[in-house]
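Input sequences plus hints: build the corresponding full structure.
Letter by letter, the chains look like this.
There are 2 protein chains.
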Amino acid sequence: MCNYSNDNSACIDISGQLFFLTDSRYSIEATEQAVADKIVISKNIPKTINNILKKSKITRIKFDPYELSLGVYETIVKNSNTQFVSKPYMFKLRRAIKQPHEIDLLKTAINIGRKRFIDIKKLLSHSNMTEQKFNYKTIEILTGKGEQQLSFSPITAFDKNSAKPHAIPSLDKLRTDSLVLVDGGVKYRHYCSDRTETYIDHKKPLQQKIYDIVQKAQHTAIKSAKVGMKAKELDTIAREVIDTAGYGKYFSHSLGHGIGLDIHEYPIISSKSPDMLKEGMVFTIEPGIYLPDKFGVRIEDCVVMKNGKAEVL
Amino acid sequence: MCNYSNDNSACIDISGQLFFLTDSRYSIEATEQAVADKIVISKNIPKTINNILKKSKITRIKFDPYELSLGVYETIVKNSNTQFVSKPYMFKLRRAIKQPHEIDLLKTAINIGRKRFIDIKKLLSHSNMTEQKFNYKTIEILTGKGEQQLSFSPITAFDKNSAKPHAIPSLDKLRTDSLVLVDGGVKYRHYCSDRTETYIDHKKPLQQKIYDIVQKAQHTAIKSAKVGMKAKELDTIAREVIDTAGYGKYFSHSLGHGIGLDIHEYPIISSKSPDMLKEGMVFTIEPGIYLPDKFGVRIEDCVVMKNGKAEVL
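Residue numbers (my numbering), protein chains in the order written: chain A, 1 to 313; chain B, 1 to 313.
FYI, nobody ran anything at the bench for these hints, they're computed from the structure. Just so you know, these numbers come straight off a predicted model, no measurement behind them. You can trust all of the hints, since none of them are fake.
One copy or two, either will do: identical chains are not told apart, so a pair holds if it fits within one copy or between any two.
Under the rule of at most 27 Å between Cα atoms (straight-line distance), these lysine-lysine pairs were calculated in the DSSO-like manner:
1. 306 x 216
2. 272 x 55
3. 204 x 249
4. 54 x 78
5. 230 x 87
6. 145 x 121
7. 173 x 187
8. 272 x 38
9. 38 x 160
10. 306 x 232
11. 38 x 249
12. 160 x 145
The structure is reproduced here in C-alpha cells:
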C-alpha cells in the first residue's frame, strides 16, 4: 500500500488518508520512500494505532487476521469504539492480480534470473566443490556480485540431498556424475524472480525417466492453465501426470504460488486452494518428484495469465 | 524448544510430550534435526494443532500471543475445551538467559565476526567502490566466502547515508576521506554475532568529537552494567553521556538488545524496557549519534553478564 516496508512497520488507511508507522531507525528512509499522507515514528506501533483510531472516531476498519499477532491485535482494539472487521488475506488477494507495469518489472527480474542460471550451470564442472561452496557461488552469480538482491536464500542440493525439497547446504561434495538441483531468484526494483533447474546425468535411466515425467507434468500444466479455471484444478492436472507414471506419492508439495513483491503471494496453486485463475495473475509452476535417499527433480518457471492463458515469463 | 526451525512450523508440549509440526517439504530435515517425541507433517498446521489438543483432552495450555496471528489463534481454539492461557513473550523470556555452552558458542561466533572486521576495514582503500559493492564485499568477507551464514543482512553506509541507522546500500561512491559505518554479524552453529565499527577521518574535528562521545557512552555503559540493575537504567546511563554532550536528540534508538539463536532476543536495553539484567544474559551495547545529512557514528559490542557484571565478548 505504501510502496515501502521494513522489519517494524504498519500501514493504516483512515477514510483515504494513508498513515505509515515505523520506528526512529527508519525515519529518514520512510520519509524518502514511503508513499503515505503521514509518516508516524513510534516506539510502540500497536499502541499508536490504537490512539490514532480513537482520535479519528471512525466506526469500522477492515484488517487481515493473519497479518496481526493476537497480542498486537489486543493492543490495537483495547477500549476502542471502532468495529474491527476481519477480512482474511485482504491484502494478499488485492495483490494477486498484477498491473501491466508490475508484469514488466517481474519480466525483467525473471529474465535476469534466467540468464544467471547459465553461469550457475557452469559450476557443475567444479567437482569436489561442497554444497555450501556451491551455494555461495550461486549467490555470487545470482546477485551479479551484489548488483541484485536475492529474492530468497537459494537452494542448492546434490544427489540424495535434492530429495529434500528445501535442503540446507551441507559439506557433501560435487561428483562428476552428480545430480544438482538449484532453486533461486533475484529482485529487480523489489519484484522477485523464482526459478528451479535440475541438472541430471542423462546416462542414468532412472534420473532421465523422473526428469521426463516432471517436465511433462510442467508442460501439461502450462498448456492447460486458463482464466476462470480453479487453481486446484491446475494442481490436479499436473499431479495426474505424475500419478499416472506411478510417482504420485513423491510429489509432496503444491504445484506453485503467486509471486510479486513477496516471493510467496496469491494465488496458491495447490489441491486445497480456494483461488480462481484470473487475468494478470503471475505464479510459479513447479512440479517435483523426490525419491528419499536417492534424488529429487524439480522444474520451475513463472507464468502470467494473459489473453486467457498462461504465458511463460 | 526443538533445536530446529523453518519457515512453516510449530511446536507444542503436551504434558511433557513434544510435537514438532511442519509441512511435507521439510519432512526429511525435520525428522533428522528436530528434537521432539513426534514429528507431524501437516498441510494445515493450525487445524492439526486443534485436532491434537482435542484428542489429548488436556485442560490448559500456555502460549505466547505475540507468536500467533489472530487468524491462526482462532483456528487453534475453535470448538476447543482446552483453556488457552496467554503468556506474553514466554519463549523469549526463557531464552534470555544463556546456558554456559550457549555462551561458548556465542563467544565463537563473536570472535569470528570480530576477526572478519579486520579484512572489512581493508576495503577502505578501494576509493570509488559503491556502497552496494562495499556491501557485497562485506558479505563475502563476513561469510568467509560461504563458510559462515550471516546473522543478518549487513549495513554498510558512507558519509551522509550513515546518518540512517538502518541504511540500504546505494550507488554512492567511497571517497578517500569517507566516513564508513559497518554493522554485521555471522552465525556459528546457529548462534549469532553482531558488531558495528565506524571508520572516521580523524582529521575532521566534528567526526572525532562525535566518535569520542559515542565511545565514552559505550564504555560507561559497559562499566556500569550490574546484575540486578534494570535494563532501562543502563540505557539511561549511556544516554546521559550523549545528552550531556548536547547530542541527546540524535541518539534515536535503544542502547541494545539480547542476542542468541535470533539476532534480536531478550533482554531489550531501552528506555521502556521492563527487563532486569541477570547473570547469563548476552546482549549488545550500541550507542549511536546520527546527524541528518551529515553522518552517523555507532559502536557496538556484545557483552555477557558474568560474576555480576558485563564482560565484553
